[in-house]
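As you go down the protein sequences, you meet chains L and V in turn. The opening position of the first sequence corresponds to residue 1 in this note's numbering, with each subsequent residue numbered one higher. The opening position of the second sequence corresponds to residue 1 in this note's numbering, with each subsequent residue numbered one higher.
If you are wondering where the hints come from, they were derived from the structure by calculation, not from laboratory data. A portion of the hints provided could be inaccurate.
What the hints assert, rightly or not - Which chain L residues face chain V? A few, computed with CB under 7 angstroms, are given here: (1) S188; (2) A190; (3) V199; (4) D203; (5) L284.
Said to hold, decoys possible - Computed Cβ-Cβ distance ranges for the label pairs, DEER-style: (6) T147/L to W319/V: 53 to 61 angstroms; (7) A403/V to N145/L: 57 to 65 angstroms; (8) E68/L to E443/V: 51 to 59 angstroms; (9) R401/V to D253/L: 23 to 31 angstroms; (10) H274/L to G164/V: 24 to 32 angstroms; (11) H274/L to V296/V: 52 to 60 angstroms; (12) H274/L to A403/V: 26 to 34 angstroms; (13) Q410/L to R401/V: 48 to 56 angstroms; (14) D174/L to R212/V: 33 to 41 angstroms; (15) T33/L to V296/V: 18 to 26 angstroms; (16) K456/V to D253/L: 42 to 50 angstroms; (17) D388/V to D150/L: 35 to 43 angstroms; (18) E290/V to T227/L: 30 to 38 angstroms.
The beta carbon of each residue, even a glycine, is placed where N, CA and C say it ideally should be.
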Amino acid sequence: MRMVSPAPSAAGPLFVESAAATGLKFTHNNGATGLYYLAEEMGAGVALFDYDNDGDLDVFLVQGGPLEAGNTSKTRVTSRLFRNDLKIGADGSRALRFTDVTEQAGVGWTAYGMGAAVGDYDNDGDLDLFLTSFGPEALFRNNGNGTFTDVTAEAGVSDPLWSTSASFLDYDRDGDLDLFVANYVDFSLADNKTCADPVGARDYCSPRVYRPVPDRLYRNEGNGRFTNVTEASGIVKADGAGLGVTAGDYNGDGWLDLYVANDATPNQLWINRHDGTFVDDGPLSGAALNAAGNPEGSMGIASGDADGDGDEDLFVTNLVGETFVLYENDGKGSFEDARVRWGLAQPTAAFTGFGTDWIDYDNDGWLDLFIANGAVNIVEALRGQPNPFRMKNQLFHNTGKGRFEETSAQGGPAFANAEVGRGAAFGDLDNDGDIDIVVTNNGGPVRLMLNQASGGHHWMQIRLAQDGGNRFALGARIGVERAGRTLWRRVRTDGSYLSASDVRVHVGLGASAAIEGVQVQWPDGQRELFTGIEADRTVTLRRGTGRAIPPEK
Amino acid sequence: MLVLVLLLTLSAQEGPPLPALALDAFPPAARDSVARAQRDVTARPSDAAAVGAFGRALQAWEQWESAHQAYSRAQALAPRTFDWQYLDAVVLQRLMRPTDAAARLKTAVSLNSAYLPARVRLAEALLDAGDLTASRPMFEALSKEAVAEPAAQVGLGKIAALQGDHERAIVHFKRAIELFPELGAAYYSLARSYRATGRRADAEQALAQHARFGATWPRLDDPVLSAVTELRDDGRALLARGLASAKTGEIEAAIALHEQALVRDPSLTQVHANLLSLYGQLKNSPKAEEHYHAAVQKGVNSADLHYDYGVVLASQEKWDAAAEAYRRAIAVNPLHVRARNNLGQLLERQGQIENAAAEYRKAADAQPSFKLAGFNLGRMLLVLKRPDEAAAEFEKLLEPRDADTPRYLFALSTAYVHAGRIAEGIKRATEARQLAVDLGQTELAAAIDRELARLK
Numbered sequence: 001m002r003m004v005s006p007a008p009s010a011a012g013p014l015f016v017e018s019a020a021a022t023g024l025k026f027t028h029n030n031g032a033t034g035l036y037y038l039a040e041e042m043g044a045g046v047a048l049f050d051y052d053n054d055g056d057l058d059v060f061l062v063q064g065g066p067l068e069a070g071n072t073s074k075t076r077v078t079s080r081l082f083r084n085d086l087k088i089g090a091d092g093s094r095a096l097r098f099t100d101v102t103e104q105a106g107v108g109w110t111a112y113g114m115g116a117a118v119g120d121y122d123n124d125g126d127l128d129l130f131l132t133s134f135g136p137e138a139l140f141r142n143n144g145n146g147t148f149t150d151v152t153a154e155a156g157v158s159d160p161l162w163s164t165s166a167s168f169l170d171y172d173r174d175g176d177l178d179l180f181v182a183n184y185v186d187f188s189l190a191d192n193k194t195c196a197d198p199v200g201a202r203d204y205c206s207p208r209v210y211r212p213v214p215d216r217l218y219r220n221e222g223n224g225r226f227t228n229v230t231e232a233s234g235i236v237k238a239d240g241a242g243l244g245v246t247a248g249d250y251n252g253d254g255w256l257d258l259y260v261a262n263d264a265t266p267n268q269l270w271i272n273r274h275d276g277t278f279v280d281d282g283p284l285s286g287a288a289l290n291a292a293g294n295p296e297g298s299m300g301i302a303s304g305d306a307d308g309d310g311d312e313d314l315f316v317t318n319l320v321g322e323t324f325v326l327y328e329n330d331g332k333g334s335f336e337d338a339r340v341r342w343g344l345a346q347p348t349a350a351f352t353g354f355g356t357d358w359i360d361y362d363n364d365g366w367l368d369l370f371i372a373n374g375a376v377n378i379v380e381a382l383r384g385q386p387n388p389f390r391m392k393n394q395l396f397h398n399t400g401k402g403r404f405e406e407t408s409a410q411g412g413p414a415f416a417n418a419e420v421g422r423g424a425a426f427g428d429l430d431n432d433g434d435i436d437i438v439v440t441n442n443g444g445p446v447r448l449m450l451n452q453a454s455g456g457h458h459w460m461q462i463r464l465a466q467d468g469g470n471r472f473a474l475g476a477r478i479g480v481e482r483a484g485r486t487l488w489r490r491v492r493t494d495g496s497y498l499s500a501s502d503v504r505v506h507v508g509l510g511a512s513a514a515i516e517g518v519q520v521q522w523p524d525g526q527r528e529l530f531t532g533i534e535a536d537r538t539v540t541l542r543r544g545t546g547r548a549i550p551p552e553k
Numbered sequence: 001m002l003v004l005v006l007l008l009t010l011s012a013q014e015g016p017p018l019p020a021l022a023l024d025a026f027p028p029a030a031r032d033s034v035a036r037a038q039r040d041v042t043a044r045p046s047d048a049a050a051v052g053a054f055g056r057a058l059q060a061w062e063q064w065e066s067a068h069q070a071y072s073r074a075q076a077l078a079p080r081t082f083d084w085q086y087l088d089a090v091v092l093q094r095l096m097r098p099t100d101a102a103a104r105l106k107t108a109v110s111l112n113s114a115y116l117p118a119r120v121r122l123a124e125a126l127l128d129a130g131d132l133t134a135s136r137p138m139f140e141a142l143s144k145e146a147v148a149e150p151a152a153q154v155g156l157g158k159i160a161a162l163q164g165d166h167e168r169a170i171v172h173f174k175r176a177i178e179l180f181p182e183l184g185a186a187y188y189s190l191a192r193s194y195r196a197t198g199r200r201a202d203a204e205q206a207l208a209q210h211a212r213f214g215a216t217w218p219r220l221d222d223p224v225l226s227a228v229t230e231l232r233d234d235g236r237a238l239l240a241r242g243l244a245s246a247k248t249g250e251i252e253a254a255i256a257l258h259e260q261a262l263v264r265d266p267s268l269t270q271v272h273a274n275l276l277s278l279y280g281q282l283k284n285s286p287k288a289e290e291h292y293h294a295a296v297q298k299g300v301n302s303a304d305l306h307y308d309y310g311v312v313l314a315s316q317e318k319w320d321a322a323a324e325a326y327r328r329a330i331a332v333n334p335l336h337v338r339a340r341n342n343l344g345q346l347l348e349r350q351g352q353i354e355n356a357a358a359e360y361r362k363a364a365d366a367q368p369s370f371k372l373a374g375f376n377l378g379r380m381l382l383v384l385k386r387p388d389e390a391a392a393e394f395e396k397l398l399e400p401r402d403a404d405t406p407r408y409l410f411a412l413s414t415a416y417v418h419a420g421r422i423a424e425g426i427k428r429a430t431e432a433r434q435l436a437v438d439l440g441q442t443e444l445a446a447a448i449d450r451e452l453a454r455l456k
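Extracted from the complex, chain L is given alone in its bound form (with noise of 0.2 angstroms):
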């Protein structure tokens, strides 16, 4: 199928809101009851993947429900599992129709949910589902035929501590997934304390009147179990009150590092030393605090080449008064603080952020931003009214010039209402060629932001698959080759705040279609070149096709 990019209309706004359009229709329950439990304000998340192979992206979005102690199982909302049925016609009109399927699929989890992620640990060629909660995480096998199977206890990787964000990850090159947990803090609700606002009305505690418990690292066995390697690892010498995760290159060497969005403690930067074990690089990288030293408020975490150079950057949401930072990596796995050169801080200083990504919206090859915005303390201009934590999501367009320009006025009423934002998931939802949104609200509904911004622009999505292990190839990297530069790519689901997102690489390729060749660097640091492929279309490039390049010196 080929097919550019819809033109929007010169006063159209750049996404429309159509989630109850599309029958995509939930509403997080937050479960709060006026006893201000931290875990009330966190969730929650979403995930994007086509979990029947069907070729399009079907959505999973985490429930909360009661907190208090005494609800059982059967008065608990649960999460839900919406089969996409999109339909094509042979004009290339799209219709997007959503389908509750979470009985018959056997994903209707009960617990306090807080995250997604998505990967293939049993590397049967579909995705799998593990979800983090305020409680044990879960773990639930894709058998297949639309169906799942909670495979928890089997697989070994579950534990009581509050966990967030989870990102699957090959970390030690043997093919198969393994899986990083993000661990919050030490909160209970026997343990809950009394925290006030600034005029000493009750509102939500900083997490810093807990303690950070730590993360987990598990390592995939091949054989549907995972060893506990967090100690083994080094994982366990740093805390941090982990809410953002993402694996990706970050000092250059070919390995997949991981980096922690801790919230009031210091980002972490776990480099891996290619032996099974990480040090945090994280203070010293200059990604783990502001530039006085301090640490942030740190959420949710996009991760990629923003400024073309190669390298994998990094922007870390914050809380409504620090502002929202760019990390910019040198390449070598130095960052230096950059929001205000790159123009996102003075307009972010208003805003508490959660799930973001670089998303090439327009199609023009560079990264711009969305993010994910609500509150976690009173706002000041909404006290006494209902819900005062809402606050407008953010859209930035990358210049291309090292400077970021707000276009959220151009967002159209998807980004004119103030709502609780929390996670977000990327993808293109009803597969026209351009990045789509789902955002989910804290105790309200979830929005599906479909693109009409491409602008008429080229581009290309990338579905990568291997034989043996990690066929999804998550963490390999995509360099698309055309006249000027390269555009890199990371193939993840991971990032943005208790979500995970398309499989898929999209990569926007502006005025021009032409395309001298995609690189690919697998996971195993193993090179092929592809060429001969077309723009505007969808393409899968499985290993061993192309044409092999010679390690790097």
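Given the coordinates of chain L, work out where chain V should sit on it, guided by the hints.
Same frame as chain L, but now just chain V:
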């Protein structure tokens, strides 16, 4: 024409509107305080002093956006009043709007160039806004004034670092630290510049100092801002001041402020919890116990409260009662590692080594970075004649290195020796000795020397 001029004049006199507040949603203390200022300003909306006072009341209660609105109007009404420009700039800095703050500070400095905090803030705001060219001469001028020099040196260092001149940056950061050895931010910036110049060991050392001092910053007297802070004398403000005093080690002053806070607002249960700890530090057990019971009576059931009470009881050698308090803390929060560790110590006193080891293990598992629990677990395993397991526990404590690392290395050496791994024991003891010497831990170094002599 005359009418138009008159309208423009009136408009300029009126300035931006006053902020709209939902005062009904404020708790009583804040509502009363802000309402007083609001009544004044409602009666005299064109009186800059009344409008500015309203801004100050809002700023005192951290209502930043509203305070900024009020100050904006005060500036329009009295453009040559230093306070409204300066305080608005402080608020704008808090709102992370450095460009706007710099504009106000430029005006403020033009009105009162002798006011040092305004000059320091202007240089910092310009730096935060990315205007290195304008901020550098200001920091250079400030570096000639003794009280402002540490901040100025940090600013000059940051500018040099941003311009890629890390060697020059290092000179500035080191000078700042020389002037104010607890300047945490300078250590962090110094670490970054050391790394940029390839001096990783120096960088790590600077980073350790940053971890030690955190956000400590040299104090600069700022009477204009202090007058705003002092507007508040409600229970929460007194509690905050009490906590600040406690942080700087002024325990008696902290207690006095907490007691005042309680008089002002008896519903502040946190005050009881803090007083329990503060009186405990002064070994005033009756007062400590009084506040523990008061907190419990008011419905507080936090793990920290029970833990602090346990510490007070243990200091009175009421071992059983202390153990019970720690158990209550653990019941509320099973991940309370300090309560588990202290309970382990009490069990150890009673000779319940296996039970003590179990508590230490739970603490170490819950928070591996809490090395004391791992160390205690290793000690118990030695007592239980399981030296290989003890060695495994001590090995976990060696990274990241800190002031306790020589002690952990020495303990590891002992475990090796008990396990019959004499050569490894000597190696680790030698390493421990060297590190103890490097860190100035002479007594420990001497003890290790004696052990080494015995082993050899």
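Practice prompt. Given the hint of 53 to 61 angstroms, check if T147/L and W319/V actually sit that far apart at their C-beta atoms.
Written response: With a Cβ separation near 57 angstroms, T147/L and W319/V satisfy 53 to 61 angstroms, so the hint holds.
Practice prompt. May I ask you to test the hint 51 to 59 angstroms on the CB atoms belonging to E68/L and E443/V?
Written response: 54 angstroms, holds
Practice prompt. Mind checking the hinted window 42 to 50 angstroms against the Cβ distance between K456/V and D253/L?
Written response: Given a distance of about 43 angstroms, which is inside 42 to 50 angstroms, the answer is holds.
Practice prompt. Using the Cβ atoms, figure out if T33/L sits within 18 to 26 angstroms of V296/V.
Written response: With Cβ atoms ~23 angstroms apart, the hint holds.
Item to complete: Against chain V, run the beta carbon of A190/L and see if the smallest gap drops under 7 angstroms.
Response: At about 5 angstroms, which falls below the 7 angstroms cut-off, the nearest Cβ of chain V leaves the hint on A190/L intact, so it holds.
Item to complete: Could you tell me whether the CB distance from E290/V to T227/L stays inside 30 to 38 angstroms?
Response: The hint (30 to 38 angstroms, Cβ to Cβ) is violated, given that E290/V and T227/L are roughly 52 angstroms apart.
Worksheet item: Is it true that A403/V and N145/L lie within 57 to 65 angstroms of each other by Cβ?
Response: 59 angstroms, holds
Worksheet entry | Distance restraint evaluation - R401/V, D253/L, Cβ atoms, bounds 23 to 31 angstroms | 24 angstroms, holds
Worksheet item: Cβ-Cβ distance between H274/L and V296/V: within 52 to 60 angstroms?
Response: 54 angstroms, holds
Worksheet item: Do D388/V and D150/L keep their Cβ atoms within the hinted range of 35 to 43 angstroms?
Response: 39 angstroms, holds
Worksheet entry | Hint check for G164/V and H274/L - Cβ pair distance inside 24 to 32 angstroms | Check passed, 31 angstroms falls within 24 to 32 angstroms.
Discussion item. Given a cut of 7 angstroms on the nearest C-beta pair, is the interface hint for L284/L held or broken against chain V?
Written reply: The hint holds - L284/L has a Cβ within 7 angstroms of chain V, the shortest such distance being about 5 angstroms.
When each numbered hint is compared with the structure, violations occur for hints 4, 18.
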